[in-house]
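Engineer: On the provided structure of chain A, position chain B as indicated by the hints.
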Amino acid sequence: MKIAKLLATAAMVLGMATAAIAQDKTKVGFVYVGPVGDGGWTYEHDKARQAVVAKFGDKVETVFVESVPEGPDAERVMTQMALEGADLIFTTSFGYMDPTINVAAKFPKVKFEHATGYKRADNVSTYSARFYEGRAVQGHIAGKMTKSNIIGYIGSYPIPEVIQGINSAYIHAKKVNPNVQFKIVWAFTWFDPAKEADAAKVLIEQGADVILQHTDSTAPQAAAKAAGNVITFGQASDMSEYAPLPRVSSIIDNWAPYYIARVQAVMDGSWTSTDTWDGIGPGMVGIGEISDAVPADVKAEALAMADALAKGTYHPFTGPLNKQDGSVWLKAGEKADDGTLLGLNFYVEGIEGEIPK
Amino acid sequence: MEMLINIAAFMFVAATPLTLAAIGETVVERAGVLNLGVEGMMIMGAIVGFMVAVNSGSPVLGLVMAAAGGMGLSLIFAFVTQVALANQVASGLALTLFGLGLSALLGQGYQGVKPPAFPQGDIPLLADIPVLGPILFQQDPVVYLAIALTVAVFVFLRFSRAGLVLRAVGENHDAAHALGYKVVRIRIAAIAFGGACAGLGGAYISLIRVPQWTEGMTAGIGWIALALVVFGAWRPLLVGLGACIFGGIEAVQLNLQAAGVAIPVSLLAMSPYLITILVLVIMSAVRTGAPASLGRPFHASS
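Here the protein sequences come in this chain order: A and B. Residue numbers for the first sequence follow our numbering, beginning at 1 and rising by one. Residue numbers for the second sequence follow our numbering, beginning at 1 and rising by one.
Bear in mind the hints are in silico, worked out from the structure with no lab data behind them. It is possible that some hints are incorrect.
[Said to hold, decoys possible] Covered by chain A, according to a simulated footprint, are these stretches of chain B (three or more residues, beta-carbon under 8 angstroms):
#1 100–113
#2 150–159
#3 172–185
#4 214–224
#5 259–268
Virtual Cβ for every residue (Gly too), placed ideally from N, Cα, C.
Isolated chain A (complex conformation) (with noise of 0.2 angstroms):
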């Protein structure tokens, strides 16, 4: 698997090493952790690379390189693409944290956007979205939805990220239920659909009859799909074609308008690095169509509490909360700061598991 990803991606990397370029164009890279069909985040990244090609026309030459494994493969392809010329190169994984930062080392006069990492540099951005503020929503409507009260949750990797998702659903699921219980499954993928799709289904026999995913691929909802009476949620990408059941709502990434921002200040020369976390309110972070599956009042407080969010009025982690061990994170009244949401590692008071390390 790796020799054949490691292949791949040099045979992408050739390809446009053929592809002779005029030099004044501003030339964009983007390194894509799963293939761009994958219906959910790369494909949201690839639709905002698309807009800024149609924003910005002949004035701008993007290249591509998908499924390139996070780690050390990674530099190759950045390392690569900005020998070939690139003025900016988004890397849009979270495990392209440190490849990104060493490459980046090496040459100065690129700049780089890394997607949902915490380290920067002269020339490193990092952006991502609060993608809590949409788990928040969720997990309300899962809450209300659940009739067997088993809420089951196919995690990636065990990294803030994914960390912030899991408390905020609970969180607020458990506000609306308090019998609900939370099932996690670590999938260790970003992208693999028949792993994703297993880990649906085994949650499903084991009663749960609400999916929520932290990976990429629509696989989950097909499982929910074939087996019936079960609820899913959109993730990264609208994932409509499941509307309006198995797929109730949905997050939706909107990287298009930050894209077009950060390519913008290349051209301008007013690049500078920069950190970006963004929510609905900005509109990085958009809450996908509610279904009528979903009963009118639920819905209506769910674009209620999407609006509040929205406004800043309500912030998902507000206390009284306690961390699972029962000690106390946030007093009452309290929000949670980014610094310590960004490093989240530890579940919230009521659920069970460990978060492997």
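Structural biologist: Frame of chain A, contents of chain B only:
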């Protein structure tokens, strides 16, 4: 108890695509050909089977055409390596890249489409046996097919004359040629069989296990199948057993996690690979079971 039954039943589902692809590759390698294009042939089977099943409404026809799709791709490999005598390793890798790309192209517009449901293959009477029934006799028909195929290939290689000839070609193609056997033809037939099996395995994923089409959805299963052939020391029953172990590990770790049992997930997730390395080390220390002519080009005039 119920969970154990679930795990055991699940093991077969996870093992089936691996078994199909690995058994096909076992035959190919026993004939002395190393085809690294399993992943590419699987994904071709996955998309061709999916397209045919969706358009015709018949999942069975989908499976048949998936086998044909995998076979079609393998025949390209057969031509390149057996007729044009190209390097098998490079050709196999190229086949995987080609299969991944072509399937992505063919699959445009099939995202989010639901394939027709596959009929459940409960075996009457036997399915009602407690414990064994749900594990062995309430599976889909392809699971039975995979088991039957494993046994059939075992019998073929071990007891049939044709199987003996195929093995002879794999062990020493010059000697087989001297005896008058058509080395190239036999190898092409073996490659085609391997392609058909890989195609079936891929379609199992897109039509039954997931069921949907997503680009790159085999996500490395073909590579595990290749490792399994070595793991099983080129013996069909051992290869089948290996597939069950690999499938079983996945079934166990997902079920235990969902049940809230604290297990070292990352360790379990990498255990199939660790086991493979271990087996390779042991085998190289004892004696290699690899067919002697594996991967070597054959040219009749030499």
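Engineer: Decide, hint by hint, whether the structure agrees.
Structural biologist: To see whether the hints hold, each was checked on the structure:
For the region 100–113 of chain B, the stated coverage by chain A holds: 7 residues have a C-beta nearer than 8 angstroms to a C-beta of that chain, and at least 3 were required. A stretch counts as covered by a chain when three or more of its residues have a beta carbon under 8 angstroms from one of that chain; for the region 150–159 of chain B and chain A the count is 0, and the coverage is violated. With 0 residues bearing a CB less than 8 angstroms from a CB of chain A, the region 172–185 of chain B misses the requirement of three and the coverage assertion fails. Restraint check on the region 214–224 of chain B versus chain A: 10 residues with Cβ-Cβ distances below 8 angstroms, three needed, restraint holds.
Coverage of the region 259–268 of chain B by chain A holds. Counting CB-CB distances below 8 angstroms, 6 residues qualify, and the rule asks for three or more.
Checked against the numbered hints listed earlier, the structure breaks hints 2 and 3; every other hint is satisfied.
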